[in-house]
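Novice: Throughout, the numbering used here is defined as the position within the sequence shown, counted from one, plus 806.
No lab work stands behind these hints: they were computed from the structure.
Keep in mind that a hint or two might mislead.
So the derived label-pair ranges between C-beta atoms look like this [stated by the list, open to error]: (1) Gly897 <-> Lys873: 20 to 26 Å; (2) Asp921 <-> Lys894: 25 to 31 Å; (3) Ala891 <-> Ser817: 23 to 29 Å; (4) Gly827 <-> Lys858: 27 to 33 Å; (5) Glu960 <-> Phe887: 14 to 20 Å.
Here the structure is a predicted model, which is why all the values come from computation and not from measurement.
Glycine included, C-beta positions come from ideal geometry on N, C-alpha and C.
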Amino acid sequence: MTIKVGDRLPSATFMTMGKDGPQPLSSDELFKGKKVALFGVPGAFTPTCSVKHLPGYVKNADQFKVKGVDTVACIAVNDVFVLEAWRKSEGVGDTVKMLADGSGDFAKAAGLTFDLSGKGLGVRLQRFSAIVDDGVVKSLNVEEPGAFEVSGAEKLLGQL
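Starting from the given sequences, assemble the full structure and let the hints guide the process.
Specialist: Following this line, the structure appears as C-alpha cells:
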C-alpha cells in the first residue's frame with residue numbers, strides 16, 4: 807500500500823557517502839525533529855532525473871531553507887557510489903543530501919515501486935516529492951510512471 811498524507815514514513819536505513827566512504831543513515835537520523843523536502847527518482851543519470859528533477863531542487867535549495875526546511879534529500883534505488891558520482895557530475899555540492907536505497911527496501915515499504923525490468927532497469931522507485939515533518943508525510947506528489955508533472959521543486963515549494 808502506498809504511503810499517504812498523514813502517514814509516518816517506514817523505518818529505513820539509507821547509504822550516504824561520507825568522508826571515509828559509504829555510511830549508513832537511519833530514517834530516524836534523517837527525519838526526527840526535522841522538516842525534510844524529500845524527492846525520489848527512478849534512477850541517477852537518467853534523462854528526466856538529470857535534466858529536470860534534480861536540477862530544480864539544487865536551484866531552489868535556498869528557497870526551501872527560507873521556508874523552514876532543514877534538509878533537501880533525493881532518494882533513488884541506486885548504490886551509494888552511483889549517487890555520489892551523479893552528485894559530483896551534476897554539481898550538487900551540499901545542497902541536496904543523496905540517499906541510496908540500493909536494494910529498494912524503502913521504496914517497497916513505502917509502496918512506491920514500479921517495475922522497469924522490461925527495459926533492463928529492474929524494480930525502481932516511482933518519481934515523487936514530499937514534505938516530511940518529524941517523519942510524518944505532510945504533502946505527497948506521486949507521478950505516474952514516465953511523467954514529470956507534479957513532483958518538481960517549484961510545486962513542492964508551493965506546498966510549504
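Novice: Next step is simple, just say for each hint if it's right about the structure.
Specialist: Status of the hints after comparison with the structure:
| no. | hint | verdict |
| --- | --- | --- |
| 1 | Gly897 <-> Lys873: 20 to 26 Å | holds, 23 Å |
| 2 | Asp921 <-> Lys894: 25 to 31 Å | holds, 29 Å |
| 3 | Ala891 <-> Ser817: 23 to 29 Å | holds, 28 Å |
| 4 | Gly827 <-> Lys858: 27 to 33 Å | holds, 30 Å |
| 5 | Glu960 <-> Phe887: 14 to 20 Å | violated, 30 Å |
The structure fails hint 5 only (numbered hints given earlier).
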